[in-house]
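Undergrad: In case you want the letters, here they are:
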Amino acid sequence: MNNLELTSALAAIAAAAGFLGSLTGLGGGVVIVPVLTLLFHVDIRYAIGASLVSVIATSSGAAAAYVREGFTNIRLGMFLEIATSLGALAGAWLASVLPAAAIGSVFGAMLLYSAWESMRAHEPEVALSGSCDPLASWLALEATYPGPNGPVRYQVCNVLLGFGLMGVAGILSGLLGIGSGAVKVVAMDRAMRLPFKVSTTTSNFMIGVTAAASAGVYLSRGYIDPGLSMPVMLGVLAGSFAGARVLSGAKPRTLRMLFAVVIAALAMEMIYNSATGKL
Amino acid sequence: MTNRDMDPKRLQITLGALLRAGVILAACTVLTGAAIYLWRHGAEKPQFGTFRSESPGLRSVSGIVGGALAGRGRAIIQLGLLILIATPVARVAFSAYAFAREGDRKYVVITLIVLSLLCFSVFAG
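Protein chains in written order, with my numbering: chain A, 1 to 279; chain B, 1 to 125.
Bound-form chain B, shown alone:
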């Protein structure tokens, strides 16, 4: 096995750091949104007993980002959850890059298959 640039130990450390950063960033974003949401809507009555589906603004990537930039609490929470969902996707993307640097074509293909399944879910699901 040839490990020209990326030895396994370094790959493990980078993947670990990437996952930790994603989770911390997501948790902080969710906390920020939670503060705004509870400040404004904390005293209202919740309605989760019947399924109504979320409003379009909380269901698409563009809608969530737009709502978060407008300072809406629920949209900021949703942005945090989106960052959380994106964390494993980023991990797969980074693995593809690492396998490519190792010259491991077989695993570049395997990783890209997984990546395309994930992108299909987020953007076309």
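This is chain A alone, in the form it adopts within the complex:
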């Protein structure tokens, strides 16, 4: 296989990953690293670099659309970005000292968790009355989102717990080159009790900054290869753009389940390959 054939194959697979990732809401980045390492036998550090770049592209592209709809809590996003950027810097440092097999195992575990998380049903939203965290008021985090009958006010709870969990999400993002949406959902939906649409759009808004914090380190360490990142970034971007056009809003349940099964299978193989030293 020469460079042209490899580029075409990578672009096609990345486009499929981006398309499915955007249709199911799981993000395309999560399958890029396993596909590159397991199918194309790319070194995991190059794979993580390429994935990180595609994550910045899709999240910035999607955030551009979301931020205008008014669901994104920009203040909350800015505040939590302190935690995610610090975490991302730590994660990028960890990636340079940990052996490939250790990174592969953590990646496998994270994939399994994402698959499980994506199959869970979302708990119905409970409207909160009154302030539930004085820190949230001090930071002016309470906001409104556009509802069917005008703006709906919401509260932000457990700010410090959410901040800590976001630090963990940042570490995983910097170590594995993913958006780590599954951890962010736990932090924002369950700990901070944000409305679903607010948490997904705000989390997406933050992914670009989080990934940029570790991408700088990756670039100067030489983990970002232009020949490899180019088809991955363009493919995922085109695929997720097409996915968002086909369907905006509702996420088809069967497709989601199917994608979760694919992710779980990739996770098993990653853990197996890490354990047997084949990664």
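Honestly, I wouldn't trust all of these hints.
Claimed, not checked - Listed below are the simulated DMTMM-like cross-link pairs for lysine to aspartate or glutamate, each with C-alpha atoms no more than 20 Å apart in a straight line:
1) K106(B) to E69(A)
2) K9(B) to E269(A)
3) K9(B) to E69(A)
As the list claims (entries may be wrong) - Not everything, but these chain A residues come out facing chain B in the computed CB check (under 7 Å):
4) L38
5) A57
6) S60
7) G61
8) A63
9) R68
10) E81
11) I82
12) L89
13) P134
14) L135
15) S137
16) G277
Derived from the structure by calculation, the hints contain no laboratory data.
Where a beta carbon is used, it is the ideal one built from N, C-alpha and C, also for glycine.
Once you have looked at the hints, place chain B on chain A.
TA: Structure of chain B alone, referenced to chain A:
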């Protein structure tokens, strides 16, 4: 809350436009570099199986810009990726400016902390 110059709606629209412009510019730059790279090196054998780290010219901001100006395909792709990485950084910088105009000191400080972390990553990482 006082929104003297920058009301939330306008801030959202400007941030959205900034992000979209960054992604489009990055994608176009990467495509240009890809055409040159594949034209010259398309028939060669790729080597990604073992990690060798990139050459210094593809790892620093100055090296990438220099290589791109010299018309090297891989350096132009890398420049596009650098623009992509810079897009969220520009978004944070713009937010700092917007919060400053609103007179929101608390958030100017928060935004500047994030901005300094990002600059540390790109220039010192």
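Undergrad: Does each hint hold? Answer for all of them.
TA: The hints, checked one at a time:
1. K106(B) to E69(A): The given pair, whose Cα atoms are some 25 Å apart, is violated under the 20 Å limit.
2. K9(B) to E269(A): Roughly 47 Å separates the two Cα atoms, so the pair is violated.
3. K9(B) to E69(A): OK: K9(B) and E69(A) at ~9 Å, within 20 Å.
4. L38: Cβ of L38(A) sits 13 Å from chain B, so the hint is violated.
5. A57: holds (6 Å)
6. S60: Result: holds, 5 Å to nearest chain B Cβ.
7. G61: With Cβ-Cβ at 5 Å, under 7 Å, it holds.
8. A63: A63(A) check passes; min Cβ-Cβ to chain B is 5 Å, inside 7 Å.
9. R68: OK, holds: R68(A) within 7 Å of chain B, min 5 Å.
10. E81: Holds, about 5 Å.
11. I82: holds (5 Å)
12. L89: holds (6 Å)
13. P134: violated (15 Å)
14. L135: L135(A) check fails; min Cβ-Cβ to chain B is 12 Å, beyond 7 Å.
15. S137: violated (12 Å)
16. G277: violated (15 Å)
Of the hints listed earlier, those the structure fails to meet are numbers 1, 2, 4, 13, 14, 15 and 16, in rising order.
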